[in-house]
Amino acid sequence: MSADIKITVVDREGVPHELIAPTDMNMNLMEVCKSYELPVKGTCGGMAMCASCHCYIESAHELNAPSDDEEDMLDQAFFVEDNSRLGCQIFMKPEYEGLMVRLAEESE
Amino acid sequence: MIETDLLIIGAGPTGLFTVFEAGLLKMKCHLIDSLPQPGGQLTEIYPKKPIYDIPGYPVVMAGELVDNLMEQIKPFNPGFTLGESALTIEETDDHCFIVTTDKGTQHKAPSVAIAGGLGVFTPRKPPIEGLTEYEEKGVDYIVRDPEKYRGKRVVISGGGDSALDWTVFLADVASEVSLVHRRTSFRGHLDTVDKVHELAQNGKVKLITNAEVVDVHGQSELDRVTIKIKGAEDLSMECEHWLPLFGLTPTLGPIGDWGLEIEKNAIVVDNATDYRTNREGIYAIGDVNTYPGKLKLILCGFHEATIMVQSAFKRAFPDKKLSFKYTTVMGGVGSLE
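These protein sequence lines map, in sequence, to chains F and U.
Per our numbering, residue 1 is the first one in the first sequence, and the count goes up by one each step.
Per our numbering, residue 1001 is the first one in the second sequence, and the count goes up by one each step.
Don't read these hints as lab results, they were simulated from the structure.
Certain hints may be false.
[Unchecked claim] Quick list of in silico lysine to aspartate or glutamate cross-link-like pairs, DMTMM-like style, CA-CA up to 25 Å:
(1) U:Lys-1148 with U:Asp-1094
(2) U:Lys-1296 with F:Glu-70
(3) U:Lys-1049 with F:Glu-81
(4) U:Lys-1125 with F:Glu-106
(5) U:Lys-1125 with F:Glu-97
(6) F:Lys-41 with F:Asp-11
(7) U:Lys-1230 with F:Asp-68
(8) U:Lys-1228 with U:Asp-1215
(9) U:Lys-1264 with F:Glu-105
(10) U:Lys-1048 with F:Asp-72
[Stated by the list, open to error] What the simulated footprint calls covered on chain U by chain F, stretch by stretch (three residues with Cβ under 8 Å from a Cβ of chain F suffice, anywhere in the stretch; the number is not a length):
(11) 1002 to 1011
(12) 1158 to 1168
(13) 1177 to 1183
(14) 1246 to 1254
Only a predicted model underlies this, so the values are computations on that prediction, with no experimental measurement involved.
Backbone N, C-alpha and C fix where the C-beta goes; we use that ideal spot for every residue, glycine too.
Using the sequences plus the hints, can you model the full thing?
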């Protein structure tokens, strides 16, 4: 049985990328994007401490709720919207098949 | 002037372990770090975080790893310049480098190893066009002297401890304090959050939530900001000061201007040889460098440091023969003889 899901990541130029993500490796969205060499820095290594993986959830999937740490970090980020999340806090699960996200603008 | 065999910029795990490997070759090291204590991000950001990928340690706390590294390099007696950032580098006629910090401390060495990790921690700046023109002219990212705001109208942005703490403090100092935050809830220390709400109820602080400052105005000095509020019209607010308090973010900093090849905020090195940069005698190791297949892991930084010091040795002692020593034979301290 395949444990992979298909997700779509729209880059900052508006180009959609279809990615295959394993759900049995505890991988997060930031790591999946990096493995496809999409322009996601992941500076802090996935600890919700830098917001370089800030993205918008564009599909109707019900995701795990953001932790206090993630909300804290989003408070310090820019271009934050209601559907803002940190990619490093979204762990790939079979229920996320068809997930669509858009990368947020980078800020220095 | 501090003189040493190998100057290391960055006292994180990679920089610290470099002292050990250089010490085995009888090289003296000196480290510079912008933070007031050694350990880099491990000590500053996540001392209590468990790390699972250090060979030989099923698990080790970040802070404990730093303590162990400090213990491991103690016999080699490295020098430290802490709380200062490396600012400029110049090459001397005798093929050495002089690195000067922001506080003017000078260091001289035949080789420089940049182990700067994520870089220097600097305030996160909101992406507003023309914002930099108002820096020191009404816009401050760090509160240095609260007296500056006495009797003035101050707008503070942010939802963390620093924004809340200064809102409470400046409520008694400034003539008017407004706190702008993107959500309705705050995540600071509970008693500070309560205090801010209390001040808001008493009219001492203006609380503007679901909002963000999106523009700054003024002839040469700041006199007004535009605040965007969700589901409402933009608010124009007169003020002498705006304090965007959005925490710190690491940037490469002054090292970015040292004539080194930079790619995506990292220093390009040759991983087939010795992690040399495009400037002879300057190396970059650990998270600060990049090359094909680069992985930002502590253990990779340790490896890079070990390879790099072999070349740094040849620059420090061109006439001496380099003989590689296994520590299993006599232990690291044997190198001190």
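Evaluation of the provided hints:
no. : hint                       : result
1   : U:Lys-1148 with U:Asp-1094 : violated, 48 Å
2   : U:Lys-1296 with F:Glu-70   : holds, 22 Å
3   : U:Lys-1049 with F:Glu-81   : violated, 30 Å
4   : U:Lys-1125 with F:Glu-106  : holds, 12 Å
5   : U:Lys-1125 with F:Glu-97   : violated, 36 Å
6   : F:Lys-41 with F:Asp-11     : holds, 13 Å
7   : U:Lys-1230 with F:Asp-68   : holds, 22 Å
8   : U:Lys-1228 with U:Asp-1215 : holds, 9 Å
9   : U:Lys-1264 with F:Glu-105  : holds, 16 Å
10  : U:Lys-1048 with F:Asp-72   : holds, 18 Å
11  : 1002 to 1011               : violated (count 0)
12  : 1158 to 1168               : holds (count 3)
13  : 1177 to 1183               : holds (count 3)
14  : 1246 to 1254               : holds (count 5)
Checked against the numbered hints above, the structure breaks hints 1, 3, 5 and 11 and satisfies the rest.
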